[in-house]
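In order, the protein sequence lines correspond to chains S and X.
First residue of the first sequence? That's -8 in my numbering, and the numbers climb one at a time after it.
First residue of the second sequence? That's 210 in my numbering, and the numbers climb one at a time after it.
Please keep in mind that the hints were generated in silico from the structure rather than gathered at the bench.
Remember, predicted model here, so these are calculated numbers, not experimental data.
Keep in mind that a hint or two might mislead.
[Said to hold, decoys possible] Here are the computed distance ranges between Cβ atoms for each label pair: (1) Ile80(S) / Val386(X): 48 to 56 Å; (2) Leu6(S) / Val563(X): 53 to 61 Å; (3) Gly411(X) / Arg(-1)(S): 50 to 58 Å; (4) Gly411(X) / Val50(S): 53 to 61 Å; (5) Ala535(X) / Val23(S): 23 to 31 Å; (6) Gly411(X) / Gly28(S): 16 to 24 Å.
We put the beta carbon where it would ideally sit given N, CA and C, even for glycine.
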Amino acid sequence: MTPASQSRRGFLFRLGIFLNVLGAALVGVPVVGYVFGAARRRTDGQSWIELGEVGRFPVGETRLATYENPISVAWDGATAKVACWVRHIEGDRFQVFAVNCAHLGCPVRWFAQSRLFMCPCHGGAYYEDGSRASGPPPRGLFEYEYQVRDGVLWARGGQLPTLSRRV
Amino acid sequence: MSTSGPRLIRSTLGWLEERAGLGGAIGPVMDHPVPRSTASWWYVFGSATLALFVLQIATGICLALVYVPSADGAYQSLLYLNFQAPFGWFLRAVHFWGSNAMVAIMTLHMIQVFLFGAHKYPRELTWIVGVFLFLCTLGMAFTGQILRWDQDAYWGLGIGASIASRAPGVGDTLVQVLLGGPIIAGRTLSRFFAVHVFLVPGILIGMIGLHLWLVLRIGINEWPMPGRVVNRETYRRRYEEEVHRDGVPFFPDAARKDMVACGVVVLAVVLCALVFGPFGPHGVPDPTLIDTAPKPDFYFLALYALFALLPPWTETVVILVGPVIAIAVLFLVPFLASTGEKSWKRRPVAVLSVLVIVLIVATLATLGVTVPWSPKMEAWTAAPTPVRYVKGRTGLELQGALVLQNKQCRTCHSLGGEGGQRGPALDGIATRQTRDQLIRQVLQGGGNMPAYGKNLSPAEVNALVAFMGTLRP
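Sequences are here, hints too, so could you generate the full structure?
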């Protein structure tokens, strides 16, 4: 009588376990990568986006600008579009704000008369320079990096701005 | 002919039974004796929740036959369901009202079993599985709301991502996993579709099976009598004795009321569907249309209100730690009090806890409906200045009335009952603040009011304060 560890039955039992663990690993590792791969990026996911000619943004005013997100898929439809607030201070000095409230991401609206951004969700308010005026937001509006090239305004974006990724 | 029919049915059933043996397996489950006291209307909420779950599966499968889980097609397919697909509007309505009813009845079930001490020994695991079912059902409610791919869904995801982003260290990763990409778009919807249609329902079906198995194995909780305390040594023997002495078969004695309750909730859902119709979809999910005030469905209104009312400095901690503690407490309930009195008549702390929690959630949800903290964005053009406030005023004061209107003060301050409620109503402000206090408040803000120093000329401030000085009761 051979010990179970050396018998053919014992070998088959261990082979069975081994093959199944191997199979589970070969399928499981790609599954984890597939599901959580969205979180891994080779770059910071930002790129320069054309917002329009400087002339579209009158000095001293704040206007809504929209762009197509640089990273998108064919079936995004209208959700590939992103809006941002452009404040033209003077000359080549701008401020480009995300529409997302720094509190919980709702879209803030600009009120030219009182020169405030206001959020419809929980009543956060910001001054025209994006700094926090009142309400629950923990900070001012998220601001995009921008540059003016040949009379065209560009902003650097591509990610949903949140407290852990400030544009 | 009259006897061959039944004989054919009987022989077919006999043929099936010989091979499948389902009758032999299910028979004892149906006949198993339960305490006579449990054949009560208080014990119907669990089966009613199950009936609603079956309704959700049936209508959900039907909706999936038409619904397009794609960011560029979902909205259109919902409109198609509402207006073109035969009975599409009805199935959407039943699915929506069924989901509301399922959350509501499940909550009643949870409160009932807690007040009846059903979480105590030996049914701790039944409670724990029930908490998983509760959380999964809320997960279904949230993901289902996202599949209604409209403005509320889009910005609701924004709120979800903003909450996730507050997690220290892993916030950004969580947001990316949640959205399936860098922004809320096509891949996000596909994700939520898979979770809502495959993942969570699969978990729910498995968990419901386990929940029911535990109820059968340990027996349904008997009607709690004050003074009959749960004791680990004697409880099961006494339960067996009671069931043996005074038990009734589950079917039909106890099941009768369950059947009536199942029928009533399903009919109530159908009635709501017929009367109120389907819910949404509301505005098109175009992120550049920002004139929107997103709002969650009723089950998350309390949470939505909490986010507005928490002091900002507590928010991140409460948002992140609060749910963890709440869920942990739910799981720990059977271990915090696993023996002792079962009757609500001898458990004042338990009754008080339920009352306090229900009151808090109901109050917050009511506030979530009225949203007193939300600015009334259109008040400055839509709400007229009450006539009594302009009669007999000087030119300067009337100019001040115009400043108050044009500088959008009424977005947050009401006058004559119209306007926002974020700040105090301005009726009678002259009796509460002096001229100097008013000037200081307008220029410097404070107490949750923005400073208007840069936006108002001295002449405008002068006129505004002159007008406010006339606002007396």
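Does 48 to 56 Å hold as the CB distance between Ile80(S) and Val386(X), or does it fail?
-> Roughly 38 Å apart at Cβ, these two residues miss the hinted range, so it is violated.
Cβ-Cβ distance between Ala535(X) and Val23(S): within 23 to 31 Å?
-> Taking Cβ atoms as reference, Ala535(X) and Val23(S) lie about 29 Å apart, which means the hint holds.
Quick one: are Gly411(X) and Val50(S) within 53 to 61 Å, going by C-beta?
-> Holds, since Gly411(X) and Val50(S) (Cβ atoms, about 58 Å apart) stay within the stated range.
When you take the CB atoms of Leu6(S) and Val563(X), is the distance between them in 53 to 61 Å?
-> 56 Å, holds
Using the Cβ atoms, figure out if Gly411(X) sits within 50 to 58 Å of Arg(-1)(S).
-> 39 Å, violated
Starting from the hint 16 to 24 Å, judge whether the C-beta atoms of Gly411(X) and Gly28(S) obey it.
-> 22 Å, holds
In this structure, the hints that do not hold are numbers 1 and 3, in rising order.
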